[in-house]
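> So the chains spell out like this:
Protein chains: 2
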Amino acid sequence: MTDPHPPRPLPVPELARLSVNQMTVKQLSLPELAKVCVELGIAHVGLWREPVQTYGVEAAARLVRDAGLTVTSLCRGGFLTATGLEERAAALADNRRAVEEAAALGTDTLVLVCGGLPPGDKDLHGARERVADALAELAPYAGQYGVKLAVEPLHPMFAADRCVVSTLAQALDLAERFPAHQVGVTVDTYHLWWDDRAPEQIARAGAAGRLHAFQLADWTTPLPAGVLNGRGQLGDGAIDLREWAGYAAAAGYTGPIEVELFNDELWARDGREVLAETARRFVEHVVR
Amino acid sequence: MTDPHPPRPLPVPELARLSVNQMTVKQLSLPELAKVCVELGIAHVGLWREPVQTYGVEAAARLVRDAGLTVTSLCRGGFLTATGLEERAAALADNRRAVEEAAALGTDTLVLVCGGLPPGDKDLHGARERVADALAELAPYAGQYGVKLAVEPLHPMFAADRCVVSTLAQALDLAERFPAHQVGVTVDTYHLWWDDRAPEQIARAGAAGRLHAFQLADWTTPLPAGVLNGRGQLGDGAIDLREWAGYAAAAGYTGPIEVELFNDELWARDGREVLAETARRFVEHVVR
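Listed in order, the protein sequences are those of chains B and H. Using full-length UniProt numbering, you'd call the opening residue of the first sequence number 1 and step up by one each time. Using full-length UniProt numbering, you'd call the opening residue of the second sequence number 1 and step up by one each time.
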């Protein structure tokens, strides 16, 4: 028999810095996510624009606030590489809305996935410059809302179709054209673990006050077709997550550590079970 | 009706530097490959160890020599990251055989794919150091045979399971511990195109006399499951191949340009047709 009224655990000290990105358990509705986080002693969530819009931004803000959760980031703005004027204007408008949504949700961090090459285009450098041009328009707008843009370098396997910013050095080169409280970077172990320059770049980000978000996922193989949903559960893969948490700590980062997994196998399982497993793995592979 | 005795074309000047890697048309036997290359005016081939071993190394050497073809490289040695003593000794022995095979085939270039992380291992740096240790044993041996080891950085998406050397800078850092005529690098557009540091590293390789092999494939998406056989036909993808050929030329590289495609769709087609298409694409996207 299952106890219909299980005791509500108190927040767990070892989970104090854990934030769960909503996409990790996209099988859960927003109310279910909030409920399970509270039950497991998880105090922070990272939210995703589309499900939040579906639920309603104000309602989502109220829901997480009432549950006592903080929102550590909103994912994601970006996709700023279009060449056409109309597409470009639409992208900028959408990113301004993303800034407003982040502010409404009570988070100061908007993660940006910058976008890939337009169809038929082969000019990575030009696309990166278009990202810089867009940031020049968006950064002051974000600043007005107290929102920091966190440019996320994605793994080089996404350079053509998702994000022309492939290394932390490139992301910082972009961010440093703007004030640190307006534009910084997202460090995600999945995207950066192979890069022997990344540790020194994390230090560079920390020293400049630009380490705005820190995300974890493990690297598992073989990669699935399309390579998007292969982000591994903590501890299942090749990344020494404790080492990377150490780089962030050495760079002065004391903020939330967000677990963001896109994984068909995890999505097919019971969401509460996945979250409980994620919390255990976080303690085992990051905290202890 | 097909002419049973088509005239044999003379070598095509625009194809003078084209080398076709055997894996591009693995549906062709070695005699078929040689015959079609001669018919199309292709003067160079890159060979692959396994099919050459099956055919017989001496017989293969005789076949390509009699066809008037030169062998531009042998792929591949490597897989040097094992931790166990026995595995390690076996890998070194196999690489010494690869050196001997390269010499027997009349090529001075052995491409090395260095190997991934051993199961359960999370130490990329340690694995890269084991590669260096292995090179220290293999480089003088290769030197005795007049064979250059060409360390190939593979795309970072292969860092865990295939090659812990992910950037040209890393490959050169390894190579520069040894004499340039013993150890250099392979530049492959598919693996490096995303890296904004690669052009300067190609210049570094050229200046040091370490640019030992230059390979082409295009980047197409979506990537297939396992991501191994997604190397795109020249011109089908996101890479400005002419630009990359220009970097090699600016670095003083005047050697063969090898097209190496692993692609299930190309393998399913008529091999002669694929080779003719590859030659046309080479002229269109690299030479003109």
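Warning: the hint list may mix true and false statements.
Pairs involving identical chains hold if they fit within one copy or between any two copies, as the list cannot separate such chains.
Unchecked claim - Quick list of in silico lysine to aspartate or glutamate cross-link-like pairs, DMTMM-like style, CA-CA up to 25 Å: (1) 122 x 277; (2) 122 x 58; (3) 122 x 200; (4) 35 x 265; (5) 26 x 200; (6) 122 x 108; (7) 122 x 243; (8) 35 x 161; (9) 26 x 265; (10) 26 x 133; (11) 26 x 273; (12) 26 x 137; (13) 122 x 66; (14) 35 x 196; (15) 122 x 240; (16) 35 x 129; (17) 122 x 14; (18) 26 x 86; (19) 122 x 32; (20) 35 x 243; (21) 122 x 87.
Since the hints were derived computationally from the structure, they do not count as laboratory data.
> If a hint holds in the structure, say so; if it doesn't, say that too.
Hints, verified against the model:
{"no.": "1", "hint": "122 x 277", "result": "between (42 Å within a copy, 21 Å between copies)"}
{"no.": "2", "hint": "122 x 58", "result": "neither (41 Å within a copy, 43 Å between copies)"}
{"no.": "3", "hint": "122 x 200", "result": "between (30 Å within a copy, 19 Å between copies)"}
{"no.": "4", "hint": "35 x 265", "result": "within (22 Å within a copy, 48 Å between copies)"}
{"no.": "5", "hint": "26 x 200", "result": "neither (34 Å within a copy, 43 Å between copies)"}
{"no.": "6", "hint": "122 x 108", "result": "neither (34 Å within a copy, 34 Å between copies)"}
{"no.": "7", "hint": "122 x 243", "result": "between (36 Å within a copy, 10 Å between copies)"}
{"no.": "8", "hint": "35 x 161", "result": "neither (36 Å within a copy, 39 Å between copies)"}
{"no.": "9", "hint": "26 x 265", "result": "within (12 Å within a copy, 34 Å between copies)"}
{"no.": "10", "hint": "26 x 133", "result": "neither (33 Å within a copy, 46 Å between copies)"}
{"no.": "11", "hint": "26 x 273", "result": "within (13 Å within a copy, 46 Å between copies)"}
{"no.": "12", "hint": "26 x 137", "result": "neither (32 Å within a copy, 51 Å between copies)"}
{"no.": "13", "hint": "122 x 66", "result": "neither (48 Å within a copy, 41 Å between copies)"}
{"no.": "14", "hint": "35 x 196", "result": "neither (40 Å within a copy, 45 Å between copies)"}
{"no.": "15", "hint": "122 x 240", "result": "between (34 Å within a copy, 6 Å between copies)"}
{"no.": "16", "hint": "35 x 129", "result": "neither (43 Å within a copy, 48 Å between copies)"}
{"no.": "17", "hint": "122 x 14", "result": "between (47 Å within a copy, 24 Å between copies)"}
{"no.": "18", "hint": "26 x 86", "result": "neither (32 Å within a copy, 46 Å between copies)"}
{"no.": "19", "hint": "122 x 32", "result": "neither (44 Å within a copy, 35 Å between copies)"}
{"no.": "20", "hint": "35 x 243", "result": "neither (31 Å within a copy, 54 Å between copies)"}
{"no.": "21", "hint": "122 x 87", "result": "within (18 Å within a copy, 42 Å between copies)"}
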